[in-house]
Amino acid sequence: MKIRNFLIRIADIYRFVARAVRETILPPYEWKETLHQCFVVGNRSLFLIAFTSFLAGVVFTRQSRPSLASFGAESWLPSLVSQAVIRSLGPLITGLICAGKLGSNIGAELGSMRVSEQIDAMEVSGTRPFSYLVVSRVTATTLMLPLLVVFADAMALLGSYLTVNTINSTGFMLYFNDVSVSVTYVDIFSSIIKAGFFGFAIGIVGCYAGYHAERGTTGVGRAANTAVVASMILIFIVDLLSLQFINLFRR
Amino acid sequence: MKTAEVKQDIKLGIFVVSGVLLFVLAAFFIGSENNLFSRTFTVMAVFKNVEGLKRGDNVWLSGVKIGTVRDVTIAAEGKVLVTMLLKEKQNEFIRRDATASVGSDGLVGNKIVVIRPGVAPQNIADNDTINSLSPTDTQDLINIAKDVGENTRSLTFNLKEVARRVSDGQGIVGDLITDKGSFSHDLRETATNLRQVGANMSKASAQLNDLVYEMKNGQGVIHKLVSDTTMAAVFDDALANVQKVSANSAKIASELEEVVSKVNNNDNALGKLLADTTFANRMEKTMVNAQSASAKLDENMEAMQHNFLLRGYFRKKEKRERKAAEAGDK
Numbered sequence: 001m002k003i004r005n006f007l008i009r010i011a012d013i014y015r016f017v018a019r020a021v022r023e024t025i026l027p028p029y030e031w032k033e034t035l036h037q038c039f040v041v042g043n044r045s046l047f048l049i050a051f052t053s054f055l056a057g058v059v060f061t062r063q064s065r066p067s068l069a070s071f072g073a074e075s076w077l078p079s080l081v082s083q084a085v086i087r088s089l090g091p092l093i094t095g096l097i098c099a100g101k102l103g104s105n106i107g108a109e110l111g112s113m114r115v116s117e118q119i120d121a122m123e124v125s126g127t128r129p130f131s132y133l134v135v136s137r138v139t140a141t142t143l144m145l146p147l148l149v150v151f152a153d154a155m156a157l158l159g160s161y162l163t164v165n166t167i168n169s170t171g172f173m174l175y176f177n178d179v180s181v182s183v184t185y186v187d188i189f190s191s192i193i194k195a196g197f198f199g200f201a202i203g204i205v206g207c208y209a210g211y212h213a214e215r216g217t218t219g220v221g222r223a224a225n226t227a228v229v230a231s232m233i234l235i236f237i238v239d240l241l242s243l244q245f246i247n248l249f250r251r
Numbered sequence: 001m002k003t004a005e006v007k008q009d010i011k012l013g014i015f016v017v018s019g020v021l022l023f024v025l026a027a028f029f030i031g032s033e034n035n036l037f038s039r040t041f042t043v044m045a046v047f048k049n050v051e052g053l054k055r056g057d058n059v060w061l062s063g064v065k066i067g068t069v070r071d072v073t074i075a076a077e078g079k080v081l082v083t084m085l086l087k088e089k090q091n092e093f094i095r096r097d098a099t100a101s102v103g104s105d106g107l108v109g110n111k112i113v114v115i116r117p118g119v120a121p122q123n124i125a126d127n128d129t130i131n132s133l134s135p136t137d138t139q140d141l142i143n144i145a146k147d148v149g150e151n152t153r154s155l156t157f158n159l160k161e162v163a164r165r166v167s168d169g170q171g172i173v174g175d176l177i178t179d180k181g182s183f184s185h186d187l188r189e190t191a192t193n194l195r196q197v198g199a200n201m202s203k204a205s206a207q208l209n210d211l212v213y214e215m216k217n218g219q220g221v222i223h224k225l226v227s228d229t230t231m232a233a234v235f236d237d238a239l240a241n242v243q244k245v246s247a248n249s250a251k252i253a254s255e256l257e258e259v260v261s262k263v264n265n266n267d268n269a270l271g272k273l274l275a276d277t278t279f280a281n282r283m284e285k286t287m288v289n290a291q292s293a294s295a296k297l298d299e300n301m302e303a304m305q306h307n308f309l310l311r312g313y314f315r316k317k318e319k320r321e322r323k324a325a326e327a328g329d330k
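If you read the protein sequences in the order shown, they are chains P and U. Just so we're aligned: the first sequence equals residues 1 to 251 in the numbering used here. Just so we're aligned: the second sequence equals residues 1 to 330 in the numbering used here.
Chain U with its partners taken away, still in its complex shape (with noise of 0.2 Å):
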């Protein structure tokens, strides 16, 4: 009897000894989860919006669980103090300029606080807050909506009208779409000039190629202009000719000068010849009496012809010069 009864207590002992292992098993568990037994610290950050987002929710970085939400509470107006409780080993990975911001585990899933680590040297320490990304309010969404779908309404309206109106022919557009105004030939004619012009050009272009060519490689005398070298010493002593003769000229125009002020001063022959009027008169007169004088002379010499002295002469050299223009005429 007493056996039986010690018995009994020793498996009354092992159930409840089992019984109670598991249930404190179970809540290191679910404690584990919610770093109630890790070596945590606190972060703050403060949204404007946080879309649900409650007690218990989970902090991300870089997709990892790294802590679980402890407090969400409205500080001030348009102000959500959100209280983080991150594991003790991640302060490494976030930086002083760390963001967060507020996402979604999935499609229907939980809110989540999604921290961007940051680039600051610092790392972050126990009570920090960091910046924060708030979500874009759902409404404003809805109003930024709206807003497009209006104006997309007018865009439509007007390109409508603008449709119609190319359509319909008008304006420059119109006529070119529509193939029938004077603009849309006239464009065509300036296409066609447009073609010939470029097949000018191209020949011309070709052309100049050649020249350049030719200029580069040929035998003229550009290309010893461009190339040559001796040429430059060839120019440079026709130049000093060229220096040479201009300074000749000027010799020669200062004693020309001299020669002329001298015609002009009439005290020599030519002088008086050209500037002294009443020589030229005197001259002129002389002139008029030589006219008459050699007028008078002919007259002379017709009657000496007729002088029986020498009329015989006068009539043989008649005869010699018929025959020889009848000979010539043979």
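Excised from the complex, chain P in its bound form (with noise of 0.2 Å):
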């Protein structure tokens, strides 16, 4: 029983994700709701992003020092910390503050409209609620994601660097120098590529766990809650493949 309720689980996710993919490819497109979202998703993330990724960056590096400097090292510390962020640390940090901000967002906000009826209302007016709703919704992450990746590289590069200015008193230049001289263009288009399916990961599950809540006051919750989890579970499972499979293009 438990496999065959696990089955069809499957197959609603499944159907549910061809749905939003050939509706994002094709016509009627909802752009201004799409914009709107990619405005929530992108410009009210930025803020906590830039931060996060500061002080990730930050620490990162400081962390990262006594065991360089134990061989003697420390000039390779711009090399290690951006290899690291570019790679990895921008990548999964967006990644991971965008399912708890983005994911619980979109699924309670689709949750309590599911649960409402609004969403049923919807559709009996004729208004398509799943490209209005979820397309928008699943676009603006999958855009947005890698351009909050650049965001949150620079801003943990910049944490990175001034640490290592404090300490070592290493100029711009030379650091920036170091950074460029280390990372790859397979460094960077992987990192954006790897965040642009982070992004549908958030945008997808919150909007499945929203658009199936259950009903009654705590379907909301239970929607919220699996948006974030499944999501967050998604991204280290996308960054693993993800790794696998830009090996391949590593010399």
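Note that these hints are calculated values from the structure, not bench results. Hints may be right or wrong, so weigh each one.
[Claimed, not checked] Rough simulated footprint, nothing fancy, chain P against chain U, three-plus residues with beta-carbon under 8 Å: (1) 5-15; (2) 21-31.
[Claimed, not checked] Some chain U residues well away from chain P (every beta-carbon gap over 12 Å; in silico): (3) S18; (4) G78; (5) D128; (6) D140; (7) N241; (8) A280; (9) A295; (10) N300; (11) Y313.
Computed from a predicted structure; not experimentally measured. By construction, the Cβ of each residue, glycine as well, lies at the ideal position given by its N, Cα and C atoms.
Please dock the two separately framed chains into a single complex, following the hints provided.
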């Protein structure tokens, strides 16, 4: 019985994802709502992302420094931090913060709409709630996450630079020259593309949880909770898979 | 409502544009490190072994990064073709006979290609192949080290044998070191003699020195010989005289020869005296006769002394002589 339910749930998820993709590609497009969602996802998350990445950069630099200094390789700090930040730390921080902030937001929003039967009302009035609610959100998270990752990387490196500058008085030019020597195109493009998948995962999980929220007051809370937890797990799984995939391109 | 939406859109636009700009900037910086946007030229080198050199490793000229390794491919057995992408600006510093070698930018650092510029008059051009110095294979080094170790072992074994023999006092070296055999004794004696010889030598050389000084500066004949120019004229005269004397001698000798030849011919008195035997015999007989004649005369004289006529004279003479002798005794 459990297996049967599980398989039905899988089929349902598949149908939901397929529909989201199909409606994203095919017209009509909900431009206005999509732009609004982009604003919500991008601009409203920017400060949070920038602040946490900056702190992560500072902390990571200060944590790595002693082990590098123990064999006299402090000069490798920029290259170590930049590779760590751009390959993994930046996308991961952005993904997890967004999963917490946006996942819960989307899940709760759609869940309450489902619970208060607004979605049903939209379906009756013929405003195509799926395209309006789900596609716009998924598109917004998929497009905005990569941009947020760019900001996150920049802020993390800035934090790292300020730390290194305070401790070792390394110059700005030297630091960012080291960074650009050690970072490759594979690193930044893979990081950006990965962030797109993270965004898609956050959006689709949040929407699915909200769209399928159970009736009753607990349904909204559970939908928000499911959205956050599932999207975080998905982010780690996507990170692992992308690592395997990107390693094919590394020399 | 409308203005709020426009504001949102503007903010979103700023967000997107700045994000994209940041990304493009990063891409540009990384690209410029990998020579993606500057003018470049390609140089190739063939190595036997590149020791793990890979795409993207740096190329150094005099310690300055001038490009990156674009490709590493195996061209044939024991031949690795390394294609390097160098900045266009640097080609004036690299000559046709430049050499490339694989090095390392630190103890645990990445592999790098080190280019030595060369001295040929022509600069390097696009797609040129330059000479290469392959790094010594680690396995080769180990083999060499093994050989060295084996040699060292046999060497130390021989040294041990030599040391043993020396400490036992065998051979000349052992004799010398233990100071027991005859050789060291001889050597010591030789050294003593040598020292004496040295002392003598120094004395001799001092004297020689004095002599030379005397010859140069003193009053002796040699000094005159050496330094007096007037002596040369005198010598010339002397030599002329000697010449004259020898000429006279020759003349005298020829005359003497003539005399001797004349003497040898016995048609003159001297010749007869020397060469005629009958004359000699007669001469001998005459001498014999003269002898007997004088003996007879002696006898006659004795007889005369006893003659009364002359006896008085002899007696007086005898007395005078006796008196003279007595006076002499007194």
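Hint check:
For the stretch 5-15 of chain U, the assignment as covered by chain P holds, since 6 residues bring a beta-carbon within under 8 Å of that chain's beta-carbons and 3 suffice. Under a criterion of three residues with beta carbons nearer than 8 Å to beta carbons of chain P, the stated coverage of the stretch 21-31 of chain U is upheld, 7 such residues being counted. Against chain P, the non-interface label of S18(U) is violated: not every CB pair exceeds 12 Å, the least being about 8 Å. Even its closest Cβ contact with chain P, about 23 Å, leaves G78(U) beyond 12 Å, as expected for a residue assigned away from the interface.
The Cβ of D128(U) lies farther than 12 Å from every Cβ of chain P, with a closest approach of about 25 Å, so its non-interface assignment holds. For D140(U), the condition that its CB be more than 12 Å from all CB atoms of chain P holds, with the nearest at approximately 27 Å. The beta carbon of N241(U) sits about 103 Å from the closest Cβ of chain P, which is more than 12 Å, so the claim that it is off the interface holds. Consistency note on A280(U): stated as away from chain P, and its beta-carbon is indeed over 12 Å from all of that chain's, at 134 Å minimum.
Distance to chain P confirms A295(U) as a non-interface residue, since its nearest Cβ pair spans about 145 Å, more than 12 Å. No Cβ of chain P approaches the Cβ of N300(U) within 12 Å, the least distance being about 153 Å, so the stated non-interface status holds. With a minimum CB-CB distance of about 154 Å to chain P, Y313(U) clears the 12 Å threshold, and the non-interface call stands.
When held up to the earlier numbered hints, the structure conflicts with hint 3 and nothing else.
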